[in-house]
Amino acid sequence: MTGRNLDELLSTPLASIPDAGFSRAIENRIAARERIVMAVEWSVAGLILAMLAATLPLASLTVGLSTSMPFAVACSALVLMHAMTRLMTE
Amino acid sequence: MNEEGFVSLALAGDTAAFGALVRLHQSRLRGFLRRLARGDHALADDIAQETFLDAWRHIGQFRGEGSFAGWLMQIAYRRFLMAMRRRKIEFEMPDGELPDTPVDCSPDARIDLEQAMANLSLPERASLTLCYALGYTSEESARMLEIPLGTLKSHVARGRKKLQAMLKAI
Numbered sequence: 012m013t014g015r016n017l018d019e020l021l022s023t024p025l026a027s028i029p030d031a032g033f034s035r036a037i038e039n040r041i042a043a044r045e046r047i048v049m050a051v052e053w054s055v056a057g058l059i060l061a062m063l064a065a066t067l068p069l070a071s072l073t074v075g076l077s078t079s080m081p082f083a084v085a086c087s088a089l090v091l092m093h094a095m096t097r098l099m100t101e
Numbered sequence: 003m004n005e006e007g008f009v010s011l012a013l014a015g016d017t018a019a020f021g022a023l024v025r026l027h028q029s030r031l032r033g034f035l036r037r038l039a040r041g042d043h044a045l046a047d048d049i050a051q052e053t054f055l056d057a058w059r060h061i062g063q064f065r066g067e068g069s070f071a072g073w074l075m076q077i078a079y080r081r082f083l084m085a086m087r088r089r090k091i092e093f094e095m096p097d098g099e100l101p102d103t104p105v106d107c108s109p110d111a112r113i114d115l116e117q118a119m120a121n122l123s124l125p126e127r128a129s130l131t132l133c134y135a136l137g138y139t140s141e142e143s144a145r146m147l148e149i150p151l152g153t154l155k156s157h158v159a160r161g162r163k164k165l166q167a168m169l170k171a172i
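Which chain is which? The protein sequence lines are D and F, in order. What the first sequence shows, in our numbering, is residues 12 to 101, in sequence order. What the second sequence shows, in our numbering, is residues 3 to 172, in sequence order.
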């Protein structure tokens, strides 16, 4: 076999492979994964909100909320937890 | 819609657009992996699935510097190497070692080629498949395999030489 023949043979495109449900299986796995991520995120957010509701002095909260340090800390905690959850699930 | 459009949508989290990309690239990717896996279709398809799931998880890391297909091939090759290490499968042929006898030459040259390919080392198979059957440039192929350009060229030259020796009876 000459080098040219070998090059021609090597350059033959790979045989086409029918999808036969391959893509569908991947889409299903992605959808399932997204559902898990969402469920975990909502659960964590719900848990944090419940803990905040139980510990914050909600009765005394007024329009001064925007300058409240505990509230700012709580919001930061929420954002951080969300990011952490996302990272952990991935 | 073209590939760029699907990639943009997938980057924004559109799973349907990513599904379209999977349909677009599954054949080439699975073909590449089947050749790396020496025809083990189940192993190749498992790794192809993991490759696409990995691509979805890290789609944000695709910067569009090369082609999307090239990015997939890079993930696939990395995944294949990991799978080999995990399964402790030896997919290498020591350098310079050739089968004692030339491969059995059937009338179908493509079958002969696949048989001969199976006797090459993994980097040689990957390099030859990317550069010839899939038509990528040497630079693109080297990037996909994460090896220097010179190393890729050595793999191609060595692989060709071995194939020529094995297929000389044709």
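In case anyone wonders, no lab produced these hints; they're calculated from the structure. We put the CB at the ideal spot given by N, CA and C, even for glycine. Accuracy of the hints is not assured; some may be wrong.
[Said to hold, decoys possible] For the chain D half of the interface with chain F, some residues (derived, Cβ under 8 Å), not all of them:
1) G32
2) R40
3) I41
4) A43
5) I47
6) V51
7) E52
8) S54
9) M80
10) P81
So, going through the hints one by one against the coordinates:
no.	hint	result
1	G32	violated (11 Å)
2	R40	holds (6 Å)
3	I41	holds (5 Å)
4	A43	violated (11 Å)
5	I47	violated (13 Å)
6	V51	violated (15 Å)
7	E52	violated (14 Å)
8	S54	violated (21 Å)
9	M80	violated (34 Å)
10	P81	violated (33 Å)
Going down the numbered hints, you'll see the structure goes against 1, 4, 5, 6, 7, 8, 9 and 10, while the others check out.
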